[in-house]
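Below are the chains, spelled out letter by letter.
Protein chains: 2
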Amino acid sequence: MGGVNRTNVGANLPALRSHNTALVLDLLRTAGGDGISRLELAERTGLTPQAVSKITGRLREEGLAAEAGRRASTGGKPRTVLRLVPEAGHAIGVHLDRDELRAVLVDLDGTVVGERCLPMDLGAGAEAVVEGVARAAEGLAESVASVLGVGVALPGPLDHVRGVLHRVTGFPEWDGFPLRDALAARLGLPVVVDKDTNAAALGLAVADEGASFAYLHLGTGLGAGLVIGGAVHRGARTGAGEFGHQVVQLDGPVCGCGNRGCIEALCLGAVRRGDVAEAARVLGVGAANLVGLLDIDLVLLGGRTVASAPEEFVGGVRAVLRERARGEEPVPVRIAPGGVRGVAEGAAQSLLAPLFGRAEG
Amino acid sequence: MGGVNRTNVGANLPALRSHNTALVLDLLRTAGGDGISRLELAERTGLTPQAVSKITGRLREEGLAAEAGRRASTGGKPRTVLRLVPEAGHAIGVHLDRDELRAVLVDLDGTVVGERCLPMDLGAGAEAVVEGVARAAEGLAESVASVLGVGVALPGPLDHVRGVLHRVTGFPEWDGFPLRDALAARLGLPVVVDKDTNAAALGLAVADEGASFAYLHLGTGLGAGLVIGGAVHRGARTGAGEFGHQVVQLDGPVCGCGNRGCIEALCLGAVRRGDVAEAARVLGVGAANLVGLLDIDLVLLGGRTVASAPEEFVGGVRAVLRERARGEEPVPVRIAPGGVRGVAEGAAQSLLAPLFGRAEG
DNA sequence: TGCACTTTGGCAACAGCGTTGCGAAAGTGG
DNA sequence: CCACTTTCGCAACGCTGTTGCCAAAGTGCA
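Chains as they are written, first to last, in this note's numbering: chain A, 3 to 363; chain B, 3 to 363.
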């Protein structure tokens, strides 16, 4: 995690403070509108009530937290409920898809408070696209006092750390383009670039803290976002989640990637033939492989193709997982919530994540 | 990490102190016999030289670290080299295989300073096996002042957190046996139970700090130990690493697990037919799937079957990975160092790991 | 041989973290 | 109305890494 977590770096007092502050903010966020009391925060964090009081005191001074009524008494002074002040900060998330641009403005709570959607050809060239994204972001940012930054999600492999695109599938002219720096220079704001499936996974990870799950996205291609222990796993070269080109059929039909028997080729081939049941079965075999390998606790499905026959896909994948579980409780399969805005919302979350101690995987 | 890392728990001063201490100890360990100076420790940890001096001062008082000569001067006072005192602590690692028991005594450095190996039938019943392990451990512990604990590694699924066995493959009588508690009660020492592949992976992870790799073990079965970011990934139910029953051949030959087209069935089938090249190719396809999914940076091979034809297996797996890399630098494939003692050594490391801030994945 | 300079690393004072001790505030229940 | 419970802030505290400073221990040139 960001401050003190999972790193081989020394910790000092400021790091300790920001770690605990982020922890409290995260609990305030997940508590949502119901709020949470100081003593509950103390129990959940393991800190003493006094430490929580100091931390929440600072947060209230900064305007990030506020008192919000009180609980019923249990025989003594009733607990004061605290809540996050969502309007204290905003972030912009942009989903650059092949044919459209969708930008959302979210508050600290993750609630969408503004949205723009316009047609956009990814092949129109870097300058035009950067300008389009910048205009959309500026338009959204106008309505609020300050914006933490802009998260951009798009298909294809890229370098998440340096914010450089590799080979956006079907658009070779983007190869090597430093999207993050170009956009950051144009907007004067922090920018984070991420793969669309990872952004979607991050958005989904906000709800279930500490969970491990896979988000399988079946649209014009097939990809996955992996969340392990609450953090998006991107791998050493940000290339993790290459789910579509997992081989599940030795010497099977040739795939566009050059290999044989990739899930993507088999799955989309079946869809093209109208055999949704077979597509779901192949997807299920891949999902079962993934579940077995990583021992995750949830599989979420999304993407246009899945959306066209959600129940068949969920049912088909679920059947394979149940069969493989051999009597034990199978891993649940669900449609990913969030719909068409999921990727853009997740992209915005990549800016909010550090604030809540959810660092890079 | 243990104290402050990757957890949603609050941190206080003692946690901060133990985190930094563990960090310094870990650097002292990886420096090995060469030692490391205070200023290098400061650079590597990001702490100030003064903080490092205080920490190493405490370690020297406790006998865990010592001065070991000095570096050449660069124009001023030469740096004093510090090193870990390996004899300051020991741990015992036990590898319970189907037909033999191997126990090692290692010091803080991980060096094996004692070993016992005896035939042992896993089917001889819980009491007999526990007693055998206990005697071996006691025999090894005699020679040193104090032992941190005992790590036991064995095949088959188990609950690493609670130390309870599930279904040791081929030995149904072990189902549900609380091995950790039984052994801890018998020995009066902390005990950790782990799957053999995970223990081997942990042992290998000690060398490469922060690395992500997969250890593929091909013996009488096929399993994997996954190390992600320096920590062994066991998954929610300690079931991660089910590599052998990844399906890579839809509707392929039936496997012992009931599915069709599992890597294990295909791979061992080929070995049985004497077709090592095909076995290596199948293993390579599985490895490539894994590399693509997790974007790891290394594949290590081990186990009796691999050891019988190491170059063919490494070459075969490497060929598949190179083909899939499509021109980019392929992920390296190597034989896992450690040999027959690797699992036992890794089991011992699970006791040492917390001391060096390497916590449970 | 001596002196200027560089580098290491310990001593002491310090700021800031969560913790502890304690008491005021704000309820319930007889 | 009073005893009791529970919440929560103030103040003092212990301990962390940090900073300022200086002694120690080398090199290199005159």
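Calculated from the structure, these hints are not laboratory results. Quantities reported herein were computed from a predicted structural model and do not represent experimental measurements. Check the hints yourself; a few may be wrong.
It does not matter which identical chain is meant; a pair holds if it fits inside one copy or across any two.
[Unchecked claim] No farther apart than 20 Å at their CA atoms in a straight line, the calculated lysine to any residue pairs in the SDA-like style are these:
id, residue 1, residue 2
1, K56, A361
2, K56, S39
3, K56, L18
4, K56, D109
Against the structure, the hints:
For the homomeric pair K56 and A361, neither the shortest alpha-carbon distance inside one copy (24 Å) nor that between copies (30 Å) is at most 20 Å. When the C-alpha separation of K56 and S39 is checked against a cutoff of 20 Å, the pair qualifies only within one copy, where the shortest distance is 14 Å, while the shortest distance between copies is 39 Å. Within a single copy, K56 and L18 get their C-alpha atoms as close as 14 Å, and across copies as close as 19 Å, so both meet the 20 Å cut-off. With identical chains, the CA atoms of K56 and D109 are never at most 20 Å apart, being 25 Å at best within one copy and 44 Å at best between copies.
Checked against the numbered hints above, the structure violates hints 1, 4; every other hint is satisfied.
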